[in-house]
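Student: Single-letter residue listing:
There are 2 protein chains.
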Amino acid sequence: MRVNQQIEVSATHPYSIFLGASLEDLGEFLEQKIGSSHHLLVITHPTVGEYYLQRLLKGLLAFQYDILYVPAGEEGKSLEQLSALTSEAVACGADRHSVVLALGGGVIGDLAGFFASIYMRGIPFVQIPTTLLAQVDSSIGGKTAVNHPAGKNLIGSFYPPLAVWTDFSTLQTLPWEEIQNGLAETIKHAVLGDAELFLFLEDHRQEILDRVPEIYRELTTRSLQVKVKVVSEDEKEKGQRMLLNLGHSFGHALETEAVYRGITHGQGVSIGLIAAAYLAKARGLINAGEVQRIFSLTKGLGLPVSVQGKDPNTLLHLMEADKKNKNGQKILILPDSIGHALVVRDAQDEEILKAWEKVITE
Amino acid sequence: MRVNQQIEVSATHPYSIFLGASLEDLGEFLEQKIGSSHHLLVITHPTVGEYYLQRLLKGLLAFQYDILYVPAGEEGKSLEQLSALTSEAVACGADRHSVVLALGGGVIGDLAGFFASIYMRGIPFVQIPTTLLAQVDSSIGGKTAVNHPAGKNLIGSFYPPLAVWTDFSTLQTLPWEEIQNGLAETIKHAVLGDAELFLFLEDHRQEILDRVPEIYRELTTRSLQVKVKVVSEDEKEKGQRMLLNLGHSFGHALETEAVYRGITHGQGVSIGLIAAAYLAKARGLINAGEVQRIFSLTKGLGLPVSVQGKDPNTLLHLMEADKKNKNGQKILILPDSIGHALVVRDAQDEEILKAWEKVITE
Ligand SMILES: NC(=O)c1ccc[n+]([C@@H]2O[C@H](COP(=O)([O-])OP(=O)(O)OC[C@H]3O[C@@H](n4cnc5c(N)ncnc54)[C@H](O)[C@@H]3O)[C@@H](O)[C@H]2O)c1
Ligand SMILES: NC(=O)c1ccc[n+]([C@@H]2O[C@H](COP(=O)([O-])OP(=O)(O)OC[C@H]3O[C@@H](n4cnc5c(N)ncnc54)[C@H](O)[C@@H]3O)[C@@H](O)[C@H]2O)c1
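Quick note, the sequences are listed as chains A and B, same order.
Per my numbering, the first sequence starts with residue 1, numbered consecutively.
Per my numbering, the second sequence starts with residue 1, numbered consecutively.
If you're looking for bench data, these hints aren't it; they were derived computationally from the structure.
Be aware that one or more of the hints could be misleading.
[As the list claims (entries may be wrong)] 30 Å max Cα-Cα, derived DSSO-like pairs, lysine-lysine: (1) 236(B) <-> 310(B); (2) 299(B) <-> 310(B); (3) 330(A) <-> 299(A); (4) 229(A) <-> 236(B); (5) 330(A) <-> 33(B); (6) 236(A) <-> 33(B); (7) 310(A) <-> 33(A); (8) 238(B) <-> 236(A); (9) 229(B) <-> 33(B); (10) 330(B) <-> 238(B); (11) 33(A) <-> 238(B); (12) 238(A) <-> 354(A); (13) 354(B) <-> 152(B); (14) 229(B) <-> 330(B); (15) 310(B) <-> 33(A); (16) 33(B) <-> 236(B); (17) 354(B) <-> 330(B); (18) 152(A) <-> 310(A); (19) 152(A) <-> 358(A); (20) 152(A) <-> 236(A); (21) 358(A) <-> 299(A); (22) 229(B) <-> 299(B); (23) 33(A) <-> 236(B); (24) 152(A) <-> 354(A); (25) 236(A) <-> 236(B); (26) 33(A) <-> 236(A); (27) 330(A) <-> 229(A); (28) 152(A) <-> 152(B); (29) 310(A) <-> 358(A); (30) 299(A) <-> 229(A); (31) 310(A) <-> 299(A); (32) 33(B) <-> 238(A); (33) 238(A) <-> 236(B); (34) 152(A) <-> 299(A); (35) 238(B) <-> 354(B); (36) 236(A) <-> 229(B).
Everything numeric in this text was worked out from a predicted model, so none of it was measured.
Isolated chain A (complex conformation):
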């Protein structure tokens, strides 16, 4: 079994992240971990299945399995899709001893993970992240969810996987704009928790643009470790975990305003990060040079650092609906150096408006 690195995540039910693992070898791992008598439910997107299912199935010869397809896109993360998966699972005889394999990006991970958490009150699942975003972010931390007309990720659970199985080679087929979504989270991780990662990104900008596999291995491994560290200290999002929302309070407002169309999550996070950096500078938390570095790196990786023709007041108002806010008070995450961030609870509407204005062009 070829695995380059194994990282332990401490949680109610601790689990391991296997980095540089091969899709072909997951079966062997499962045989050792749980035995081959378990029925497997592979949940994936048609495209991802076309690219990678053969490789995964090669290793599952000892198992009985079924494959359930979910249409790609954020719309797939819905209660309706969950209900459809339930019908299909029952139809193929999935029972309390079945195990879900989530092969795909964050949408598959969130949906299949949530499904696993509530099917017959919970069956085990394995994350097999195939997007950069899923590898550095969504497959780690045990959060699962589906969307609801009343809000994104409104319905979900904290449900740690049996394991995260990360095969870096899957990134090769990933479209550039999807890579960018993962890069935005990686810059975020660097700013909030790893100054060296930030330097690494600055030093290897061109190789990142050229999609050099070795560079991605390194950046993915370092990036996900920032998340592992944070979630290991705060599984249920009561404290430190909020730091991961750096850029997100602003970013979510942008996404919501665009009704999740026209602006990708990564773009929202990038612009949000820049807005947070401006606000941090206005408060004297970081200096102009640090803002400039964040700005240059983000821009240099092809991510947007501003947005056109938005109304700051509308965006401010949308930040109020964020589910992390308590009693209407706005909680923001701001960097206080490159490599460190803090939770700010007393941000005033005027400061936030000013930060918005800095990232909005005419």
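On the provided structure of chain A, position chain B with the ligands as indicated by the hints.
Tutor: Chain B with the ligands only, in chain A's frame:
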């Protein structure tokens, strides 16, 4: 705060059952436990609300609250209802710090508990059971669920409540057939785990039929303690907890065959209990005298001990769909004395068919 008795349930998150508490006093308890800054979401049925909401609300003057109504009946336990609750909760501003109060029977407890477990990935909830079944059974043990076209309680979670708040006076308005559903579970609890409770039921048959409050206090308290003991030892239903399925494998088959119409859950359990007793006797686990006592008590409390015109083979087949079965093997719970039961994994189809035949009349 008037509370007659407080029982601790050990679980991942331990909680207390308050027995002989008053609806009016829940607010005071919550103020002490979590403070009054939390928004409350009371989820109930219209009828139950009409009877008991005023009393509950009297104690909640310090809180901000909203009331969400769910139509009565098993149909209310659905993903659609869950989705509707989600919309309503968002509309009234429920956030991650809101607390759900589930005021009603098992349907409300299961639905509101499941809703609480997944709304914004989990908010606290309090069980306020108002049916005998909910007081002795469904409010305890942390199981929540909704139904799905593909199966009853197919989607759910293990999610312990903040507390169970049991006001015995609510039983006074409960229709007799609903009382019977709770009595069936109480006989089950007595047979599987409390010989003295069985004697108590035998000795007080008439008072039970006459609905004497003091007798119900006693039987409820003893009955729920059997469940508390079992679930405290096996929170996630991996072993001992299966004992609570005494009578249920048979009973579920009857309910399923009747498509949950025409036969109540309590009736299913009663007949199932008798079938299990016959099977236990055929195996030499219990004697004829013990079967007779179970039979007489069940019948004496007005519960059915047989069913008319069913096909044993159909019912046998329906037992196979039970989600507790592993790899198609049938797991049965059988009494080996009055007050004790065990898990049987080698029951043959012929024995089960014979047990069915004993409880089927022409
Ligand atoms: N649970 C968490 O902690 C967490 C954290 C961050 C984001 N998320 C969620 O993640 C989701 C976004 O995830 P995402 O960015 O991975 O998007 P995604 O899952 O929608 O994947 C993006 C697209 O790439 C395709 N794809 C996936 N792998 C591929 C591959 N190897 N080659 C070619 N195409 C491939 C997918 O089919 C999809 O069309 C959002 O729903 C977000 O809410 C969750
Ligand atoms: N979670 C568990 O561990 C568990 C265990 C057993 C059963 N259950 C579930 O419980 C449900 C059955 O619960 P139930 O038997 O309480 O039925 P129920 O909740 O449907 O209540 C029965 C009826 O009585 C009404 N009612 C409730 N309290 C009343 C009162 N005080 N006075 C007058 N009317 C009142 C209700 O509105 C309803 O119409 C099933 O869905 C079953 O799956 C769950």
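Student: So, for every hint listed, does it hold in this structure?
Tutor: Hint by hint, here is what the structure shows:
1. 236(B) <-> 310(B): Since the Cα atoms of residue 236(B) and residue 310(B) sit roughly 34 Å apart, the hinted pair is violated (cutoff 30 Å).
2. 299(B) <-> 310(B): 20 Å, holds
3. 330(A) <-> 299(A): Given pair residue 330(A), residue 299(A) holds - Cα atoms ~28 Å apart, limit 30 Å.
4. 229(A) <-> 236(B): 28 Å, holds
5. 330(A) <-> 33(B): 26 Å, holds
6. 236(A) <-> 33(B): 20 Å, holds
7. 310(A) <-> 33(A): Violated: residue 310(A) and residue 33(A) sit about 52 Å apart, past 30 Å.
8. 238(B) <-> 236(A): Holds - the C-alpha atoms of residue 236(A) and residue 238(B) are around 25 Å apart, at most 30 Å.
9. 229(B) <-> 33(B): 25 Å, holds
10. 330(B) <-> 238(B): 16 Å, holds
11. 33(A) <-> 238(B): Holds, at roughly 18 Å.
12. 238(A) <-> 354(A): 29 Å, holds
13. 354(B) <-> 152(B): 27 Å, holds
14. 229(B) <-> 330(B): With a Cα-Cα distance of about 25 Å, the restraint between residue 229(B) and residue 330(B) holds, given a limit of 30 Å.
15. 310(B) <-> 33(A): Answer violated: residue 310(B) to residue 33(A) is near 45 Å, above 30 Å.
16. 33(B) <-> 236(B): 26 Å, holds
17. 354(B) <-> 330(B): Holds, at about 15 Å.
18. 152(A) <-> 310(A): 21 Å, holds
19. 152(A) <-> 358(A): Cα-Cα ~27 Å, so holds.
20. 152(A) <-> 236(A): The hint holds at about 18 Å.
21. 358(A) <-> 299(A): 15 Å, holds
22. 229(B) <-> 299(B): Status holds; Cα separation ~27 Å.
23. 33(A) <-> 236(B): Holds. Residue 33(A) to residue 236(B) sits at ~20 Å (cutoff 30 Å).
24. 152(A) <-> 354(A): OK: residue 152(A) and residue 354(A) at ~26 Å, within 30 Å.
25. 236(A) <-> 236(B): 20 Å, holds
26. 33(A) <-> 236(A): Roughly 26 Å separates the two Cα atoms, so the pair holds.
27. 330(A) <-> 229(A): 25 Å, holds
28. 152(A) <-> 152(B): 28 Å, holds
29. 310(A) <-> 358(A): Judged against 30 Å, a Cα distance of about 12 Å means the pair holds.
30. 299(A) <-> 229(A): Holds. Residue 299(A) to residue 229(A) sits at ~27 Å (cutoff 30 Å).
31. 310(A) <-> 299(A): 20 Å, holds
32. 33(B) <-> 238(A): 18 Å, holds
33. 238(A) <-> 236(B): Holds - the C-alpha atoms of residue 236(B) and residue 238(A) are around 25 Å apart, at most 30 Å.
34. 152(A) <-> 299(A): 27 Å, holds
35. 238(B) <-> 354(B): The given pair, whose Cα atoms are some 29 Å apart, holds under the 30 Å limit.
36. 236(A) <-> 229(B): With Cα atoms ~28 Å apart, residue 236(A) and residue 229(B) stay inside 30 Å; holds.
When each numbered hint is compared with the structure, violations occur for hints 1, 7 and 15.
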